[in-house]
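In order, the protein sequences belong to chains P and X.
Heads up, the first sequence is in this note's numbering, so the first residue is 10 and it goes up one at a time.
Heads up, the second sequence is in this note's numbering, so the first residue is 466 and it goes up one at a time.
Just so you know, these hints were derived from the structure itself, not from any lab.
Do not rely on the hints blindly, as some may be mistaken.
Unchecked claim - The calculated label-pair distances, taken between Cβ atoms and stated as ranges, are:
1. X/468 / P/24: 27 to 33 Å
2. X/518 / P/76: 24 to 30 Å
3. P/50 / X/487: 16 to 22 Å
Just so you know, these numbers come straight off a predicted model, no measurement behind them.
Glycine is no exception: its CB is placed at the ideal position from the N, C-alpha and C atoms.
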Amino acid sequence: GENVEQHPSTLSVQEGDSAVIKCTYSDSASNYFPWYKQELGKGPQLIIDIRSNVGEKKDQRIAVTLNKTAKHFSLHITETQPEDSAVYFCAASRGGSYIPTFGRGTSLIVHP
Amino acid sequence: DTGVSQNPRHKITKRGQNVTFRCDPISEHNRLYWYRQTLGQGPEFLTYFQNEAQLEKSRLLSDRFSAERPKGSFSTLEIQRTEQGDSAMYLCASRPVTGMAGNTIYFGEGSWLTVV
């Protein structure tokens, strides 16, 4: 089955800095890669996603890149704000049931 | 769109008791998922429904766990003879049928289970 590795487990930045979270996946058939943000006591919320036919996608301060050859994908957050503090999860899934396999999460702390 | 709804949000039970969680997916989402999440970990897949049919089950879903979606709308997840290791947040998610958003699953707020 699919295996998703996520790094780092904790990321501490100053407000205004950029943050980068990296993931790798094992199943070359995976073709959909969502990113979720989870705040304390709440369910994960989708923030951005990318499909395997695209190398990069951007939405305001958030961008995601995908390298299919290396099976790497990354989340980039620019101009971080304290409200960006949360746990971020990457995931990978394949067509059909689209059952996402999640990474272990990155706890992002943005210091004012 | 009222989102995925889960009940109860919190449940404390004694070891050996049975518990049941309910999930109401986003209307017209015919696909429904159950995940389990423990502290410091990502969500782990338990089971998946398309309409009323349970199409996939994880090895994590032991014989003490059963999930149903009798009319293809809401779903229940029952845990029998609970053990302390069952303490976790149980997440429900749903996915639309088709369209550009057809790959995306949307999570509810989760149901926290504490077994004492």
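Comparing the hints with the structure gives:
{"no.": "1", "hint": "X/468 / P/24: 27 to 33 Å", "in the structure": "30 Å, holds"}
{"no.": "2", "hint": "X/518 / P/76: 24 to 30 Å", "in the structure": "36 Å, violated"}
{"no.": "3", "hint": "P/50 / X/487: 16 to 22 Å", "in the structure": "19 Å, holds"}
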